[in-house]
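All chains, please: the whole structure from these sequences, using the hints.
Top line first, the protein sequences correspond to chains A and B.
When we follow this note's numbering, the leftmost residue of the first sequence carries the number 71, and every step to the right adds one.
When we follow this note's numbering, the leftmost residue of the second sequence carries the number 273, and every step to the right adds one.
Misleading hints may appear alongside valid ones.
[Claimed, not checked] Once the Cα atoms are required to be at most 27 angstroms apart in a straight line, the calculated DSSO-like pairs of lysine-lysine come out as:
(1) A:Lys-176 - B:Lys-495
(2) B:Lys-385 - B:Lys-358
(3) B:Lys-495 - A:Lys-203
[To be verified] Some chain A residues close to chain B (C-beta under 10 angstroms, calculated; not the full set):
(4) Gly-125
(5) Gln-153
(6) Pro-159
Calculated from the structure, these hints are not laboratory results.
For glycine and all other residues, C-beta sits at the position ideal for the given N, C-alpha and C.
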Amino acid sequence: MSFLEISQASIEFPTPKGPFKALDNVNLHIKQGEFVSLIGHSGCGKSTVLNIIAGLYQATEGGVILEGKEVNEPGPERAVVFQNHSLLPWLSAYQNVELAVKQVFKKTKTKQEMKDWIEHNLELVHMEHAMHKRPDEISGGMKQRVGIARALAMQPKVLLMDEPFGALDALTRAHLQDSVMEIQEKLGNTIIMITHDVDEAVLLSDRIVMMTNGPAATIGEILTIDLERPRDRLALADDKQYNDYRTEVLRFLYEKQRKVEPISNAQKKSNIDKKSQVA
Amino acid sequence: MLSFLQAPRQAVSSYFEGGITQDQIANLLKAIGLPVLGFLCFLLLWQFAANNIVTSLGNFPGPSEVTTQFQTLVAEHKEERANVAKKYERQKVRNEKKLAKNPDAKVKWRTYKSRTTFFDQILTSLWTVLCGFLVASFIAIPLGIIIGLSANIYSAINPIIQTLKPVSPLAWLPLVTMVVSAVYVSDNPSVSKSFLVSMITVSLCSLWPTLINTAVGVAAVPKDLVNVSQVLRLNWLTHVYKIVIPSAIPMIFTGLRLSIGIAWMVLIAAEMLAQNPGLGKFVWDEFQNGSSNSLGRIMVAILVIGFIGFLLDRIILLIQRVVSWDKSSVIR
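Right, here's the structure in full:
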């Protein structure tokens with residue numbers, strides 16, 4: 071039995087035109103301490119998979135089993151780092167983490183222990199200098215750091231990250247990726263991350279799960295990344311194996327699962343094909 | 273009022289900190305000069321218009337006439353209070369004399385009521401509007417939160433709200449009067465019936481904007497924050513207290529400001545129509561009097577009503593500044 075098991079998960083959403091099948095028969099086994107990325111074109115249902123694991127959506131068929139227990143509601147043992155940080159704008163960084171810590175540890179930790187734990191987690195993401203600032207006073211990258219600290223502070227069994235660096239500029243993103251690698255090295259978290267950035271996926275993951283296009287999306291291929299840790303982005307840039315992995319993911323995304331919009335107008339179609347070639 | 277006070281305050285403080293620059297002088301002139309200029313223009317236009325409108329009670333009251341009437345009203349108020357004080361003084365002297373002659377004599381201590389002056393009417397109106405507004409808010413905010421949290425309850429209640437919202441206070445008034453007369457029966461009433469009627473009418477008309485705005489604000493809590501709450505498994509009360517209310521605070525205050533404006537307008541109308549004590553009754557009585565001073569006194573009342581309405585709005589704004597986390601939002 072694996073640590074986390076997604077078993078024959080399908081989901082349908084009701085629409086006025088009848089049910090829409092977003093995911094079909096998704097099967098995935100994840101080991102404890104593994105870093106798994108989900109990659110695919112936008113709209114392919116990556117986020118839906120994550121939301122099912124988080125318990126925010128319920129699978130229509132099949133489901134998720136974490137340590138032998140079925141997941142059917144959201145909970146702090148499956149903490150989520152949301153794409154746009156989702157910090158409460160009226161609370162400081164410290165208070166945002168505090169809300170989570172108070173909720174998870176109110177029976178097991180004393181006040182002082184909670185305080186130390188909050189500060190420890192903010193230090194982990196290098197936010198100790200801006201602990202008492204509110205989200206509107208810090209940069210996008212710092213907000214996302216606090217978001218990660220909040221999730222880590224829940225001491226989750228699985229850390230779910232929904233395009234955590236999608237809204238950040240390239241430099242900040244690289245910086246945060248290094249932070250995440252460093253933290254995972256230290257804590258050995260099980261992490262599932264959604265991304266559409268091929269480099270990010272190869273650099274961070276133990277396995278990359280590539281999704282086919284929707285509707286009724288499912289897992290196309292799974293690529294095991296056998297690169298030694300700790301990984302260094304500069305050294306890897308010239309690494310043959312790294313670039314092979316990269317090419318393999320790109321080939322999946324742009325050859326096997328090239329996104330073609332179903333448009334009847336032939337003129338429009340050829341335009342879109344040109345665009346996707348450019349992309 | 274505050275923004276128009278704050279601008280010169282900033283200008284003045286920076287004037288004391290450093291030397292005077294041309295910019296600062298220009299700012300000072302702008303901040304103080306422009307409102308004063310606007311006011312002067314208004315007075316001129318008013319005087320001009322007043323001179324050209326002749327009614328059966330004489331000229332329409334201009335600024336000077338209104339100032340005179342205001343002073344008269346202040347004088348009447350002082351005189352009335354002085355009269356009452358004199359009565360008490362005389363009673364004291366009289367009783368002391370009696371007691372000096374015969375320590376066992378029975379003396380009467382009467383209470384004297386002064387006639388209600390213009391300023392008494394203002395206080396009555398303020399107290400009524402405050403009570404009505406508080407009652408409305410205590411109903412509207414919790415109800416708005418409940419409606420906003422559930423799309424089903426919202427669908428069920430929305431048509432009722434939309435139907436009751438546009439009802440004029442004057443339509444409610446007869447019903448409220450009859451119901452209060454029938455229900456509020458007491459030999460020793462702690463509050464008067466007229467107060468209750470005015471207050472309930474105010475509440476009925478002013479709760480809608482707060483109710484609707486609270487519901488909309490609560491329904492608009494970002495989905496991401498709701499997800500955070502779910503992942504943390506916050507219970508219902510913590511969810512409302514930590515996530516929903518802070519998120520909806522700006523909308524709640526928008527509603528409260530609309531409500532206090534409506535409450536004040538409704539109150540004056542209700543007082544006029546029902547002859548309940550307050551500024552509305554003052555205006556109506558002056559209209560019925562029809563003396564040569566009446567128009568001026570009504571004009572004084574109108575200006576006071578306007579100014580109080582303005583102050584009430586600013587007080588809510590001040591509270592919003594203290595309560596709301598979002599100090600950066602532009603509050604007008």
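A quick look at each hint next to the structure:
Taking the CA atoms of Lys-176 (chain A) and Lys-495 (chain B), the gap is about 26 angstroms. The hint holds against a cut of 27 angstroms. For the proposed pair Lys-385 (chain B) and Lys-358 (chain B), the alpha carbon gap of about 12 angstroms is at most 27 angstroms, so the pair holds. Under the criterion of a C-alpha separation no larger than 27 angstroms, the hint pairing Lys-495 (chain B) with Lys-203 (chain A) is consistent with the structure, at around 23 angstroms. With its C-beta approaching chain B no nearer than about 8 angstroms, Gly-125 (chain A) sits inside the 10 angstroms limit, and its interface hint holds.
Given hint, Gln-153 (chain A) at the interface with chain B, holds; its Cβ is 8 angstroms from that chain's nearest Cβ, closer than 10 angstroms. The criterion of a C-beta within 10 angstroms of any C-beta in chain B is met by Pro-159 (chain A), whose closest approach is roughly 7 angstroms, and the hint holds.
Of the numbered hints listed earlier, not one is contradicted by the structure.
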